[in-house]
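Number of protein chains: 2
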Amino acid sequence: MTSADKNNPDTSTAQNSSADLGVTVPKGFSAAAVTAGIKPSGKSDMALIRNDGPDAIAAAMFTRNQVTAAPVRYTQAHNDGTFRAVVVNSGNANACNGAQGDKDAKATAERVAEALGCQPGDVAVCSTGLIGDVLPMDKVLAGVDELAGNLDQSIAAGNAAARAIMTTDLVSKEAVYHGDGWSIGAMGKGVGMMAPSLATMLVFITTDAHLPSSAMAHQALASATPTTFDCIDIDGATSTNDTVLLMASGASGVTPDAEEFNAAIHQVCLDIGMQLQADAEGVTKRVSITVGGAETDEAAQTAARVIGRDNLFKCAMFGSDPNWGRVLAAVGMAPVKMNPAGISVSFNGHPVCINSTGAPGARTVDLSGADIAVEVDLGVGEGRATVWTTDLSYSYVEINSEYST
Amino acid sequence: MTSADKNNPDTSTAQNSSADLGVTVPKGFSAAAVTAGIKPSGKSDMALIRNDGPDAIAAAMFTRNQVTAAPVRYTQAHNDGTFRAVVVNSGNANACNGAQGDKDAKATAERVAEALGCQPGDVAVCSTGLIGDVLPMDKVLAGVDELAGNLDQSIAAGNAAARAIMTTDLVSKEAVYHGDGWSIGAMGKGVGMMAPSLATMLVFITTDAHLPSSAMAHQALASATPTTFDCIDIDGATSTNDTVLLMASGASGVTPDAEEFNAAIHQVCLDIGMQLQADAEGVTKRVSITVGGAETDEAAQTAARVIGRDNLFKCAMFGSDPNWGRVLAAVGMAPVKMNPAGISVSFNGHPVCINSTGAPGARTVDLSGADIAVEVDLGVGEGRATVWTTDLSYSYVEINSEYST
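So the sequences go chain by chain: A and B.
The working numbering numbers the first residue of the first sequence as 28 and each following residue consecutively.
The working numbering numbers the first residue of the second sequence as 28 and each following residue consecutively.
Only chain A is shown next, with the shape it has when bound in the complex:
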C-alpha cells in the first residue's frame, strides 16, 4: 500500500510525522542531510543517499529541456545502469553556469567518491534552486565531507534527507511500498517549474529488491513516469534540472515478479506525484482533468494538458467559478480531433456542458472544495487520459514574483 489515499490527498501532507516513510525504509540504504550554508535561510541544503549494496543497480530519467543544468549533464554521462550514491544540493540549480558549472558538478562527484571509496562515475549529482549563480564550492565540498561522516540507515536519516532537498516546498514528500519481503522508498521535491516532459523535478526512489539487471529497473521507471509525473502540469514550465533516479540495493535478497515491481514503482511515483501537486506553489485547488472520447490516449493527454495550462481556466478554478466556457475555449485550441458541437464537460460529476451547450444549473455547481475533478468528452473516440494541475492564485504570483530578488 502507499502512504497517501488518492481519494483524500490531504493525507499526503501528514507524512512528516510518520516514521515509516522514505528512502531508508528499504534495506541497504544510508542517508544524511547537512546545512552547508547554500540557502540564505540557514535550513538544511545538502543530502546524500548511499546504496550499501550488495547490488548497485540504477535507472534514471532526465528533463527534456534543451537547456540542461550541469549536474544533469554529469549524471546523464554516467548513467550506465549503476550508481552507488546520489548527492543533492538545494538553493542553487547549478544551471547556466557554463564550463564552471560542469567543473563544479564533477568536483562534487569526485569528493563524494573519495569519501565513499567508489568511482566518480558511480555518483549521481543533482541540484535544485536558483538558475545562474555559481555554486559556493567551499561550502559544497565541506558539506560533502560532513554528509559522508553522517551516513545512517535510520528512517530519521531518510526523513532528514527529504527535508534537505526542499526549496519553496512547504512539506517534504516521501512514500513507501511494502512487497513480500522487499520494499520501495522514495522522496521528491518540486513545487514550481513543473511540467515534466519525461521526468520531473528531483525524485529519488530506493528499493531493496534484487533486480536481475538494470533493464528491469529502467523498464519499471520508464513505464511509470508517462502516466504519473508526466501527467502533472502545474505551470507548463519544465525545469532545467528534472531528475528521477531509482536505485536498487538487492539487500532483501528477493527478486519480485516484474509485473508487481512495475505496478509498485508506478504506485510510488503516483504517490509522490500527488504530493507534488498538493504542495504546488500557491495551490488552493487540486484539479484533475480527465479527457475522454478522444481519438487516442495521446490526443486525450494533449487536450487535457492544453486545458490544464490555460490561465483563464486556472483563475476560474481559484475563484471556485464553474465557468465551463473557458474549458471549451481552451480545448478548442488543442491540436487534436474533436467534435466542436459535441463536447461535454462535467465538474465534480455534475454535467455543466452537453454537446457544447450549457446544461441546466451549470452556473451554480459548488466548486468551493479543495478538489475539483473536470471531465471532458470530445465525442470522437475512445482515447482517455488524466492530467493533474492546480489553480492560479494570488500566492502563485506572489511566490514567483519575488523568487530571486
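If you're looking for bench data, these hints aren't it; they were derived computationally from the structure.
There could be a bad hint or two in this list.
Any copy will do: because identical chains look the same in the list, a pair fits if it lies in one copy or spans two.
Derived SDA-like pairs (lysine to any residue); straight-line CA-CA distance at most 25 Å [stated by the list, open to error]:
(1) K364 x E409
(2) K312 x I426
(3) K66 x D348
(4) K66 x A386
(5) K312 x G144
(6) K54 x L157
(7) K364 x T329
(8) K166 x N366
(9) K130 x D398
(10) K166 x G80
(11) K130 x E325
(12) K312 x D172
(13) K312 x E425
(14) K133 x K312
(15) K166 x D129
(16) K130 x Y421
(17) K133 x N366
Given the structure is predicted, the values throughout are model-derived calculations rather than measurements.
Based on the hints, put chain B in the right spot on chain A.
For chain B alone, kept in the frame of chain A given last:
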C-alpha cells in the same frame, strides 16, 4: 501617421478625448451605439457600423479555435467579399449555445437587414462576453431597431461604438491613418483570452479608399495580421469569437497604391494591437520579446511565444525581477533548433546572459519601468521575430477569478 507613438505606448490610452479617431473618420461610414440591457452594468452594449458606399467591399479574418461562436459561423458563411454592415454586442459571446445560438445570430442579422434595407448575408455579426449564456433576444432585437434609428456619420458616433464593444477593457481602442485623399479608421476590443491564431478579438477597420476588388482588401489584411495581432500573446488563450473585419466604402473615390495600402493597414493593425497589449487584464508591464539567431523567422516566433506564455517568466516581470534563468528554462522547451550553450539574453539593452551564462551585474538590472524589452539570441541562424505580452499580476488573477460569478 497613426494615433499612438510606438515608442511611448502611454499615448494609446489618451485617444478617448481625441475627436479624430475611429471607424467614422473615413467617408462613407455611419455608426451607432445603444444600451440594450445585455450588460448588468447598464453600460452601452451594442454597436452598428454601416458602410454607406458606394462600394461594399469587405475582408475578414476569424479565430482558429475549433470551438467557434455562432456569430463567427454566421459571418464566415457569408464572407464573400461584401458586407454592408456589422452589428456587435458585448456582454454575451453567444458561444456554446448550440442551435439556439446559430438561430439568434441569424435573427440578429435579419433584423439589421430589414432595418437597413439590405440582405441578411450582407450583415456581419459579432459578439463578445461570457460564453454559454443564451442571448436575450428581446433586448437584442429592440437594440437593433434603436441602433438603426441612431446611425450617424459623426466622429462621436464612431467613438460611442468603440465604447459599446468593451467588456473588461478599461479604455476604448481606436486608430486612424490619413492617406492622400483617403483614410482608414479602426476600433477594437480585447483584454483577455488573447493569443490570436490568425486574427484576434474584435477589430473593425474602415476605409474610404476605392478598392478595385475585395482581393486587395483581403491581401492587405492577410499580410498585416501575422506580424501584428498574431504576435500578441497575453495569456495563450484564443477566443471563440475573434474577428477582424475590414470594410471599404470607396467614398473618397481614391484608389491607393497597393503597397501603401498594405503598409497603412499594417500600421493601423499594429496601433490597435499595441493598445490591446497596453490594456490587457491586470497589466502592469508591457513586455516585448524579440528572439534572434533562430533558424527561421517562424522558429524565432515560436521561441518568443514559448517565453511569452511562461508564467514563471511573467511573474518575474511583474516583480521587476531580472531572473534571466527563467528565460533560459522557458526557451529550452521551445521545439526549435538552438545552441543550448550559446544563448544570450538582454533586458532593456543590458546583457544579462552571454553564452548561457550569467553576465556581470545581471541581478541588478533595473526593470522597474512599465516597458521591458527582452532580447534573446539562440545562436544558430538569422531568424528573428517579436512577440508582445504582459506580466502576470495579482490583478490578472483577480479579474479572471471573478469573471462569471
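Results of checking the hints against the structure:
When the C-alpha separation of K364 and E409 is checked against a cutoff of 25 Å, the pair qualifies only within one copy, where the shortest distance is 12 Å, while the shortest distance between copies is 35 Å. For the homomeric pair K312 and I426, the shortest alpha-carbon distances inside one copy (16 Å) and between copies (18 Å) are both at most 25 Å. Within a single copy, K66 and D348 get their C-alpha atoms only as close as 39 Å, which misses the 25 Å cut-off; across copies the closest is 19 Å, which meets it. Taking the closest pair of Cα atoms, K66 and A386 come within 25 Å of each other only across two copies (22 Å); inside a single copy the shortest separation is 52 Å, beyond that limit.
For the identical chains of this complex, K312 and G144 are neighbours neither inside a copy (47 Å) nor across copies (54 Å), given an alpha-carbon limit of 25 Å. Taking the shortest Cα distances, K54 and L157 never come within 25 Å of each other, neither inside one copy (34 Å) nor across copies (58 Å). In this homomeric assembly, K364 and T329 come within 25 Å of each other (Cα to Cα) both inside a single copy, at 11 Å, and across copies, at 22 Å. When the C-alpha separation of K166 and N366 is checked against a cutoff of 25 Å, the pair qualifies neither within a copy, at 58 Å, nor between copies, at 31 Å.
Taking the closest pair of Cα atoms, K130 and D398 never come within 25 Å of each other, the shortest separation being 45 Å inside a single copy and 38 Å across copies. For the identical chains of this complex, K166 and G80 are neighbours neither inside a copy (29 Å) nor across copies (78 Å), given an alpha-carbon limit of 25 Å. For a Cα distance limit of 25 Å, the shortest separation of K130 from E325 qualifies neither inside one copy, at 40 Å, nor across copies, at 36 Å. Taking the shortest Cα distances, K312 and D172 never come within 25 Å of each other, neither inside one copy (42 Å) nor across copies (47 Å).
When the C-alpha separation of K312 and E425 is checked against a cutoff of 25 Å, the pair qualifies both within a copy, at 17 Å, and between copies, at 16 Å. Neither within a single protomer nor between protomers do K133 and K312 lie at most 25 Å apart by alpha-carbon distance, with minima of 41 Å and 41 Å respectively. In this assembly of identical chains, the alpha carbons of K166 and D129 lie at most 25 Å apart only when taken from the same copy (17 Å versus 68 Å across copies). For a Cα distance limit of 25 Å, the shortest separation of K130 from Y421 qualifies neither inside one copy, at 39 Å, nor across copies, at 41 Å.
When the C-alpha separation of K133 and N366 is checked against a cutoff of 25 Å, the pair qualifies only between copies, where the shortest distance is 22 Å, while the shortest distance within a copy is 53 Å.
This entry does not satisfy hints 5, 6, 8, 9, 10, 11, 12, 14 and 16, going by the numbered hints stated previously.
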